[in-house]
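Undergrad: The listed protein sequences derive, respectively, from chains X and F.
Mind the numbering: the first sequence is residues 0 to 413 in my numbering, read in order.
Mind the numbering: the second sequence is residues 0 to 413 in my numbering, read in order.
Treat the hints loosely; a few may be bogus.
Heads up, the list lumps identical chains together, so a pair's fine if it works in one copy or across two of them.
[As the list claims (entries may be wrong)] With a straight-line cut-off of 25 Å between C-alpha atoms, the simulated DSS-like cross-links for lysine-lysine are: (1) K409 / K51; (2) K42 / K168; (3) K233 / K17; (4) K398 / K212; (5) K412 / K398; (6) K168 / K17; (7) K17 / K385; (8) K42 / K194; (9) K412 / K42; (10) K409 / K17.
To be clear, the hints were calculated from the coordinates, so they are not data collected in a lab.
Small disclaimer: the values here were computed from a predicted structure and weren't measured.
Number of protein chains: 2
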Amino acid sequence: MERIFATYYIETPFAPEKAAMVLAGEQSSGTFVAVPGETEELKARFAARVEKVTFLETVNTPAIPGAESPTGQYHRALVEVSWSIENFGYNLPVMISTLQGNLYEIRQFTGLKLLSLEVPDSFANHFEGPAFGIEGCRKLTQVYDRPLIGTIIKPSVGLSPEDTAATVKVLAEAGIDFVKDDELMGSTANSPFEKRVDAIMDVINRHADKTGKKVMYAFNISGDIDDMLRRYEKIVTSGGTCAMVSINSVGISGTKKICDQRALAIHAHRNGWGMMTRHPLLGIEFTAYQKLWRLAGVDQLHVNGIQNKFWESDDSVVTSIEQCLKPMLGGYKVLPVVSSGQWGGQAPETYRRTQTLDLLYMAGGGIMAHPMGASAGVTALQQAWKAAVDGLSVEDAAKIYPEFAKSVEKFGKS
Amino acid sequence: MERIFATYYIETPFAPEKAAMVLAGEQSSGTFVAVPGETEELKARFAARVEKVTFLETVNTPAIPGAESPTGQYHRALVEVSWSIENFGYNLPVMISTLQGNLYEIRQFTGLKLLSLEVPDSFANHFEGPAFGIEGCRKLTQVYDRPLIGTIIKPSVGLSPEDTAATVKVLAEAGIDFVKDDELMGSTANSPFEKRVDAIMDVINRHADKTGKKVMYAFNISGDIDDMLRRYEKIVTSGGTCAMVSINSVGISGTKKICDQRALAIHAHRNGWGMMTRHPLLGIEFTAYQKLWRLAGVDQLHVNGIQNKFWESDDSVVTSIEQCLKPMLGGYKVLPVVSSGQWGGQAPETYRRTQTLDLLYMAGGGIMAHPMGASAGVTALQQAWKAAVDGLSVEDAAKIYPEFAKSVEKFGKS
Chain X
0 MERIFATYYI
10 ETPFAPEKAA
20 MVLAGEQSSG
30 TFVAVPGETE
40 ELKARFAARV
50 EKVTFLETVN
60 TPAIPGAESP
70 TGQYHRALVE
80 VSWSIENFGY
90 NLPVMISTLQ
100 GNLYEIRQFT
110 GLKLLSLEVP
120 DSFANHFEGP
130 AFGIEGCRKL
140 TQVYDRPLIG
150 TIIKPSVGLS
160 PEDTAATVKV
170 LAEAGIDFVK
180 DDELMGSTAN
190 SPFEKRVDAI
200 MDVINRHADK
210 TGKKVMYAFN
220 ISGDIDDMLR
230 RYEKIVTSGG
240 TCAMVSINSV
250 GISGTKKICD
260 QRALAIHAHR
270 NGWGMMTRHP
280 LLGIEFTAYQ
290 KLWRLAGVDQ
300 LHVNGIQNKF
310 WESDDSVVTS
320 IEQCLKPMLG
330 GYKVLPVVSS
340 GQWGGQAPET
350 YRRTQTLDLL
360 YMAGGGIMAH
370 PMGASAGVTA
380 LQQAWKAAVD
390 GLSVEDAAKI
400 YPEFAKSVEK
410 FGKS
Chain F
0 MERIFATYYI
10 ETPFAPEKAA
20 MVLAGEQSSG
30 TFVAVPGETE
40 ELKARFAARV
50 EKVTFLETVN
60 TPAIPGAESP
70 TGQYHRALVE
80 VSWSIENFGY
90 NLPVMISTLQ
100 GNLYEIRQFT
110 GLKLLSLEVP
120 DSFANHFEGP
130 AFGIEGCRKL
140 TQVYDRPLIG
150 TIIKPSVGLS
160 PEDTAATVKV
170 LAEAGIDFVK
180 DDELMGSTAN
190 SPFEKRVDAI
200 MDVINRHADK
210 TGKKVMYAFN
220 ISGDIDDMLR
230 RYEKIVTSGG
240 TCAMVSINSV
250 GISGTKKICD
260 QRALAIHAHR
270 NGWGMMTRHP
280 LLGIEFTAYQ
290 KLWRLAGVDQ
300 LHVNGIQNKF
310 WESDDSVVTS
320 IEQCLKPMLG
330 GYKVLPVVSS
340 GQWGGQAPET
350 YRRTQTLDLL
360 YMAGGGIMAH
370 PMGASAGVTA
380 LQQAWKAAVD
390 GLSVEDAAKI
400 YPEFAKSVEK
410 FGKS
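With the hints as constraints, model all of the structure from the sequences given.
TA: Rendered as structure tokens:
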């Protein structure tokens with residue numbers, strides 16, 4: 000029988016091997032005394048198995064509150080555990096409850112983080128994965144030889160549908176590939192969802208008729224299931240190509256229901272993610288996280304950006320991009336969405352470290368606040384990526400490209 | 000215009016007032032430069048407002064990774080922020096993205112936890128809340144003068160539908176009020192969901208026909224939306240009264256869709272919760288968390304238990320019970336589910352500290368592994384609660400009640 004493998008980074012005041020057994024017990028039988036019916040045969044078939052324990056180091060201070068150490072020492076280790084897929088079948092929520100669930104509550108751990116996750120090949124028969132993925136998003140936007148360049152409508156909340164559409168018009172004419180609602184924007188008093196779609200798609204469809212290029216707009220449909228489905232349909236019938244879902248706020252069942260419609264590319268916004276990963280010894284690493292959402296079927300997934308305005312290190316961002324681009328079950332390609340404080344100046348470093356153009360590169364203020372206007376903002380981004388591929392530094396690129404030079408003047412650190 | 004208020008516990012290397020402004024900015028305009036269209040009028044209407052900053056203390060070590068302090072000092076404070084409900088309307092996922100979202104990513108914080116949340120009265124017109132709540136669950140189980148006594152089927156995974164039904168028969172005859180699937184159990188190779196429902200409801204319906212008492216069984220329907228709805232219907236048509244959802248694994252949109260059906264009591268299992276709350280300066284407190292799920296409409300919500308086997312303190316458990324029982328919007332009553340290592344010995348202390356019988360009191364091993372059998376296990380639990388109300392100590396209760404005395408012998412700490 001096929002098995003699922005998960006690796007955890009743990010810290011415990013007890014022997015790591017013993018703590019690993021507690022982990023496996025909690026996630027396959029889970030009570031504090033032996034109970035009738037727990038036969039050897041049943042255990043052999045359904046019990047979680049500790050595959051490997053790798054000791055790392057011993058520290059004197061626990062990472063998070065838990066059982067006190069009698070010796071004052073806390074041991075860190077990598078623990079690999081496996082489950083038969085018989086335990087949960089092809090059910091993402093039950094798999095998540097098994098891989099994570101009560102584990103974070105166990106007092107025998109003073110730290111526990113799910114690092115990685117391997118699912119067996121038969122998953123490919125039960126999860127279709129992204130309907131569009133990288134190739135599909137390129138086809139929809141007609142962008143092949145560079146990253147998709149995108150931006151976020153700002154201010155995030157408060158603009159009328161007409162104001163927003165006017166901004167989209169400027170951006171479309173400036174040559175933008177992708178625009179998105181902010182995650183704070185759903186359907187508001189002064190920008191009801193349907194009216195916003197009408198106003199924006201009118202601009203986008205006219206521009207497409209004229210130029211052959213359809214800007215991809217990610218309308219934020221996050222909400223109740225029925226509202227999401229209705230709004231999804233509204234986008235489809237209006238000629239749109241993309242919907243955005245705040246995946247952590249909506250949850251995986253709701254997100255998968257949307258992905259299962261398979262008529263729009265799904266832009267997965269990971270806001271809320273910091274809570275799950277920011278502590279080094281609590282929660283889940285992006286390496287495991289991104290697989291869950293690729294199984295659910297999202298087409299685009301946020302990864303933060305190099306030199307971002309948030310807490311995350313460049314190394315972590317680079318790893319996230321690499322993880323998204325690593326094939327899974329022979330496919331399930333998801334487009335990494337690079338964003339947060341991006342203005343083009345990070346393009347050379349992003350390319351140097353990832354060697355990929357398969358990105359959706361988002362600049363908010365970097366485009367809209369460009370000194371020569373939004374059109375120059377988009378041009379500057381394209382220049383930045385051309386420079387990146389040509390191996391130019393930011394300084395060298397600024398000498399060649401006047402629009403990019405203005406970006407450097409305004410947004411570059413002196 | 001009505002506003003939503005949220006209070007955060009923050010830590011920052013900067014002046015708390017300044018960090019609070021960053022928080023409010025990120026969650027209502029959110030870019031690193033001023034952009035056109037961000038008028039004073041728009042800001043007045045839609046900007047998040049810092050209501051209050053209360054300085055708490057200064058420490059020398061950051062709680063979680065973030066911006067380094069130039070002075071080596073990190074300041075802790077309570078920050079109250081408010082938003083006009085115009086910003087998101089009555090949309091739980093967008094509200095969650097606003098209240099939490101990118102906040103956990105902001106480098107200006109070396110700690111951020113959402114402590115509490117106040118929603119305005121108009122929410123009562125848009126969120127129906129629990130369909131059954133405390134009163135409804137009492138009516139369905141015919142239990143009025145004591146906590147509902149429940150148990151979990153163990154081993155959690157691996158029993159056949161017939162084995163499980165046989166256990167339920169023993170429990171029903173023992174006088175149990177409530178039984179649930181384990182959160183690790185969905186639909187497995189050797190216990191397909193429909194067959195399990197058939198086998199168990201046959202036992203429960205027969206028992207109800209004979210005695211007039213229908214045991215409430217929480218079948219774990221967690222899964223894809225369509226599967227959940229189909230399984231929900233299966234429970235309804237089979238005469239069941241309850242469905243269980245792993246709320247963190249399924250997510251709030253999927254859970255609300257299930258609650259909106261309003262034909263079954265919804266047992267909300269919070270597995271995964273530890274990740275969101277275990278660090279004192281990261282994530283969300285139960286006080287805020289439980290309100291979100293009451294708005295979604297769950298009827299029963301896990302709160303851990305006194306002297307539990309997990310990491311959580313008794314104080315924290317008591318606060319959680321109190322929070323669940325506090326009316327919200329004039330109702331939205333949710334039944335606190337007390338579980339984890341419970342065997343009856345914790346009943347006196349639980350009652351002493353909470354003074355309530357409005358609980359679903361769950362014992363797993365405490366019932367099934369009772370030395371005199373499951374029937375005596377249920378009796379022991381009922382005795383424990385009678386003793387608790389009578390103000391008896393565990394020792395005094397053991398002198399009066401023989402079944403409870405056996406529990407003390409087996410499960411009590413010597």
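Undergrad: Taking the hints in turn, state whether each one holds.
TA: Hint by hint, here is what the structure shows:
Proximity of K409 to K51 under the C-alpha cut-off of 25 Å is found in neither arrangement, the shortest distances being 52 Å within a copy and 34 Å between copies. Taking the closest pair of Cα atoms, K42 and K168 come within 25 Å of each other only across two copies (23 Å); inside a single copy the shortest separation is 62 Å, beyond that limit. For the identical chains of this complex, K233 and K17 are neighbours neither inside a copy (55 Å) nor across copies (41 Å), given an alpha-carbon limit of 25 Å. For the homomeric pair K398 and K212, neither the shortest alpha-carbon distance inside one copy (30 Å) nor that between copies (83 Å) is at most 25 Å.
In this assembly of identical chains, K412 and K398 lie within 25 Å of each other by CA distance solely inside one copy; the values are 17 Å within and 76 Å between copies. Taking the closest pair of Cα atoms, K168 and K17 never come within 25 Å of each other, the shortest separation being 62 Å inside a single copy and 36 Å across copies. In the homo-oligomer, the alpha carbons of K17 and K385 never lie at most 25 Å apart, since the shortest distance is 54 Å inside one protomer and 38 Å across protomers. When the C-alpha separation of K42 and K194 is checked against a cutoff of 25 Å, the pair qualifies only between copies, where the shortest distance is 22 Å, while the shortest distance within a copy is 57 Å.
In this homomeric assembly, K412 and K42 never come within 25 Å of each other (Cα to Cα): the closest approach is 60 Å inside a single copy and 28 Å across copies. Taking the shortest Cα distances, K409 and K17 sit within 25 Å of each other only across copies (23 Å), while inside one copy they are farther apart (57 Å).
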